[in-house]
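**Q** Residue numbers -24 to -1, 1 to 497, in mature numbering (1 follows the signal peptide of the UniProt record, and there is no 0), belong to the letters of the sequence shown in order.
By construction, these hints were calculated from the structure, which means they are not laboratory data. Computed from a predicted structure; not experimentally measured. Misleading hints may appear alongside valid ones.
What the hints assert, rightly or not - Straight line, CA to CA, 25 Å or less: simulated PhoX-like cross-link-like pairs of lysine-lysine: (1) 310 with 238; (2) 98 with 150; (3) 114 with 98; (4) 381 with 262; (5) 485 with 211; (6) 307 with 164; (7) 150 with 306; (8) 164 with 122; (9) 352 with 414; (10) 114 with 381; (11) 307 with 150; (12) 238 with 306; (13) 122 with 352; (14) 375 with 310; (15) 451 with 432; (16) 306 with 375.
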Amino acid sequence: MNMSCLHKVFFLLRFLLSIVSVSCLIETLKQNLGGDPSLFPSNFLFGTASSSYQFEGAFLNDGKGLNNWDVFSHEPGNIRDGSTGDIAVDHYHRYLEDIDLMVSLGVNAYRFSISWARILPKGRFEEVNAAGIDYYNKLIDALVLKGLEPFVTLTHFDIPQELEDTFGGWLSPKLQEEFRYYADICFKTFGDRVKYWVTFNEPNIQVIAGYRNGSYPPSRCSSSYGNCTYGDSEKEPFVAAHNIILSHATVVDIYRRQYQEKQGGSIGIVLHAKWIEPFSNSTADKLAADRAQSFFMNWFLDPIIFGRYPEEMNTILGSILPEFSSNDRKKLNKALDFIGINHYTSSYAQDCIFSLCEPGIGASRTEGFCRQTPQKDGVSIGESTALDWLHVYPQGMEKMITYVKERYSGIPMFITENGYVDENDPNSTIEEFLYDVKRVEYMAAYLDALSTAVRKGADVRGYFAWSLLDNFEWKYGYTKRFGLHHVDYGTLKRTPKLSATWYKLFIAKHSLVKTLIVKEQ
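The task is simple: from the sequences and hints, build the whole structure.
**A** So this is what it looks like as structure tokens:
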């Protein structure tokens, strides 16, 4: 989308209204958007996304307990720049300022996560923290007052450290009851105002990083996968995933039986959804691309929707894969109302069953014998960014959405994260950070691909940009920037980037076209 063209359209808007019909104006705006703005439904959610650990800070304020990331980030060597999320971007104290930024953007929704340890500092072993309840009540009330839909995640990689120390985290089935107890408190306390609930954010990343390569807490892995003191990369990811899947099903069951009808909300789960292209046109590589999806995203969605693991996983893993009881399968029958898709990038998959493969991500048995790489014949699948896993491949958005639509029979979807990353280069000027043309190009291309998928019949109901602010980027600390707003980490001052202005214009144009269409009718 051409930025100068956007400005010209708005500059001429009043004049155009006086001399042309409403229908002609709609067509003018459509042409300048590079697509049909009416494709997004009138109730479509445009928002930004965040998570408690990456945003809130206040890590021991007002009765909050330690969580696994508090402990992990304080251990030397775990975070690239030696930083922590103790302060992060201080959203805990600055949420009203940040809500004003959202209002300025023109978004109508905000996706955030609740800190489990702020509500239950030591899980069920201690009283509910009233100050934590009060904070989230104030945040939710402030959002609703400003016309922003709260889109709430129950856990975004974080759990109370007490549950890690006492039970061994997600390796224990006892966490199913812990999660049920916590979720019930949240539904009961906040559900009158929260209409969109997410149980887990990216559990596929959580179990791979936490239990296969050890790069996230609890930092467990085998020596061939990473540098960990304890762990079994061949088995533990599947045990942790199984307990997370059953925890999700338990919580959805409670919500549907006790709260959904009265509160009128919906509940789902968010998966990291990377599109996978076959490395070549060979049948083997095409099958490898399918396996890669099954061992990454379908690993969670198939059980939740169909009550069973993907066939490829059963065939290759055999007894390594835990089994669901008949009672489990009853709970797992379509145990969600929507699918959240965090889509950033794409890669290639190369068969390692019938072909010799170099060692790499995906090549092992427990990863499906499908080596994944962003490179083919020395050329990247798309333009590189400040993260080695994130390459710009907009067509992957449409392909990913179409895949989910077809595999899961039209279950509603939300794009719960999508965004572009910059390096936090200490030699860059503030002007260079603010003029984030690459982020604008990325968002424009991916939203165009999203609109194409919607035009072809995909039931996508919202888009959340990652992220409102630059923030703590997990193991990379503050060395990467994803925000629509620049954050000076010394002063915590927020400044809109070019991408914030672009997103504001994008949302405004879609809202305008909808208004004009209604008037025309």
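**Q** List in ascending order the numbers of the hints, as given earlier, that are violated by the structure.
**A** The structure conflicts with hints 5, 10, 13, 15, 16, although it agrees with all the remaining ones.
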